[in-house]
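Visitor: Here's the letter readout for the chains.
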Amino acid sequence: MSDFDKVRRIERICFQDVVQRFRLIQERPDTLREAFAHLFRKQTSYHDFEALKGISFIIREGEAVAIVGRNGSGKSTILKIIAGVYRPTAGQVRISGQVGALIELGAGFHPDLTGRENIVLNGLLLGLSKREIHAREQKILDFAELGDFIDSPVKQYSSGMFMRLGFAVATEIDPDILLIDEILAVGDETFQRKCAERIEDFRRRGKTIVFVSHNLVAVRQICHRALMIDSGLLFADGPVDEVVSDYEQRMQGSFEQRPHASAVPSA
Amino acid sequence: MLQLIREIRKNRELIWALALKELHVRYKRSALGFLWALLNPLLMMIILTMVFSTVMRVPVHNYPIFLISTLLPWTFFSQSLAYSVESIVSNGDLLKKVYVAKSVFPIAAVISNLINFLLSMIPLVLLLVVFRFPFHRTWFYLLVPFVSLLLFTLGCGFFFAMVNVFFRDMSHILQIVLQAWFYFSPVIYSLDFVPARYRPLFRLNPLAYPLNGFRLAIYYGQLPTWQSMAMSLACGFGALIIGYKLFQRSEDNLVFYV
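From first to last, the protein sequence lines stand for chains A and B. Heads up: the first sequence begins at 1 in the numbering used here, then just goes up one per residue. Heads up: the second sequence begins at 1 in the numbering used here, then just goes up one per residue.
Worth flagging that the hints you see were computed from the coordinates, not collected in a lab. For each residue, glycine too, the CB sits at the ideal point set by N, CA and C. Among the hints, erroneous ones may be present.
Claimed, not checked - 25 Å max Cα-Cα, derived DSS-like pairs, lysine-lysine:
| no. | chain 1 | residue 1 | chain 2 | residue 2 |
| --- | --- | --- | --- | --- |
| 1 | B | 21 | B | 10 |
| 2 | B | 10 | A | 155 |
| 3 | B | 96 | B | 21 |
| 4 | B | 96 | A | 53 |
| 5 | A | 155 | A | 130 |
| 6 | B | 96 | A | 155 |
| 7 | B | 245 | B | 28 |
| 8 | A | 139 | A | 155 |
| 9 | A | 194 | A | 139 |
| 10 | A | 155 | B | 28 |
| 11 | B | 245 | A | 155 |
| 12 | A | 194 | A | 155 |
| 13 | B | 10 | B | 96 |
| 14 | B | 96 | A | 130 |
| 15 | B | 10 | A | 53 |
| 16 | B | 96 | B | 245 |
| 17 | A | 139 | B | 21 |
| 18 | B | 245 | A | 130 |
What the hints assert, rightly or not - With beta-carbon atoms standing in for the labels, derived distance ranges:
| no. | chain 1 | residue 1 | chain 2 | residue 2 | range |
| --- | --- | --- | --- | --- | --- |
| 19 | A | 174 | B | 93 | 23 to 31 Å |
| 20 | A | 132 | B | 35 | 52 to 60 Å |
| 21 | B | 241 | A | 242 | 51 to 59 Å |
| 22 | B | 222 | A | 23 | 23 to 31 Å |
| 23 | B | 93 | A | 114 | 38 to 46 Å |
| 24 | A | 89 | B | 9 | 27 to 35 Å |
| 25 | B | 182 | A | 23 | 35 to 43 Å |
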């Protein structure tokens, strides 16, 4: 998109020097006995861990942005901050528009409730009103393709059915910002294709997508821009092909530094 | 306080659905289902009546009614706390994945028990009819102890739900606290039975006021003094404001410890 376009589009997500610190507590006194034990040992048994060390970026309406990085680099922490699950330790976060998260499908489903009952409960948890849920119920049922199972408790569902229902509820709320965390890796081919179609549909309709994945093929397919994160810092932000190539090179680099590569005995 | 009202208004459908879910799951697999909400207090009342009118005679006229008029509100209080104390911890997985106002969980725990409490009034009415016990006009006054007790329970619910996240012993401690609280509250006895010089001590118990209100209205057909009514409401509002404030203060940190 042109620079002119960029300025006119609404800022959906704005991170400014965002820091997220976790207090990692070793052997946190969970019980009274341990609390007493700690009273006598007098040691500080925690250290702070900065998952994000000051990250800034802006994501506008209509952008499909991938976040790439190694395990533990802070990708999921960014998603959770956008979703409102974490409040950052420092820095500014502005979100405008409704956020829908495909972080863990079916989070909040109760095993003893039926599929239909869970649609209502989950929709309410995601911030919809009863009326909005009933208006979407038929579409959710159509997408999930559960047949008669819809009135059975979800604990009897196969994992595929469970995920279809979770995906259907999460995407039918039709959020302005869709967060996707590695979910395309699950389910059978038909389901994956349906998911991909739906995400493509979101993109066409100018919704904002933030996609976290190790599947670089999917990243290149869905997104046009990528952020590379490593150890809580933003390393690159640009067109998806550039950033992903850069990322692949760096990954290669880290492999080369492994001891076995240089430990070739000299003749 | 205003924020709490806003939060409840905004999430009212969710709170209601969570409360119903709680009841639904509790009764779901049983053959009699929701009937247990009526049957359970009814059977309890029959047992108490049998024991106290034959085996153990207490020199109080119609002792079963004397007892049940305060036992039902007490059960609401203790059950609500038993549910709220676990309400945040048991929904930890969910809180780590979706943003939800955390207050909905303790509120829903209290509401689900409130529904049970209201249903248990039906067997109480039956009992009064069987005993040919008069329905005093003071039943209308029940609203005051009822509201006081509800607010007090909510306040305590917020507090224990929050503390249990950081300090898991709370749910065990609560069981003991409730047991002691039961015997130090005017449930099986009334304050008149307590030796006069200890009575001021028993008046420090904030639950004594609403419980006494229930008994006066149902059993004695009397109104409490206005001081007692005021104390009852003040304790309710006080507990709610303090409990919610403490809950709110650590709300953002809950997710890191569940």
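Visitor: Could you run down the list of hints and mark each one as holding or not?
Guide: Each hint, compared with the structure:
no. : hint                         : in the structure
1   : B:21 with B:10               : holds, 19 Å
2   : B:10 with A:155              : violated, 30 Å
3   : B:96 with B:21               : holds, 21 Å
4   : B:96 with A:53               : holds, 21 Å
5   : A:155 with A:130             : holds, 24 Å
6   : B:96 with A:155              : holds, 21 Å
7   : B:245 with B:28              : violated, 35 Å
8   : A:139 with A:155             : holds, 22 Å
9   : A:194 with A:139             : holds, 14 Å
10  : A:155 with B:28              : holds, 14 Å
11  : B:245 with A:155             : violated, 38 Å
12  : A:194 with A:155             : holds, 23 Å
13  : B:10 with B:96               : holds, 21 Å
14  : B:96 with A:130              : holds, 24 Å
15  : B:10 with A:53               : violated, 34 Å
16  : B:96 with B:245              : holds, 22 Å
17  : A:139 with B:21              : holds, 24 Å
18  : B:245 with A:130             : violated, 29 Å
19  : A:174 with B:93: 23 to 31 Å  : holds, 25 Å
20  : A:132 with B:35: 52 to 60 Å  : violated, 33 Å
21  : B:241 with A:242: 51 to 59 Å : holds, 56 Å
22  : B:222 with A:23: 23 to 31 Å  : violated, 55 Å
23  : B:93 with A:114: 38 to 46 Å  : violated, 20 Å
24  : A:89 with B:9: 27 to 35 Å    : holds, 30 Å
25  : B:182 with A:23: 35 to 43 Å  : holds, 38 Å
Hint compliance for this structure: hints 2, 7, 11, 15, 18, 20, 22, 23 are not met, and every other hint is.
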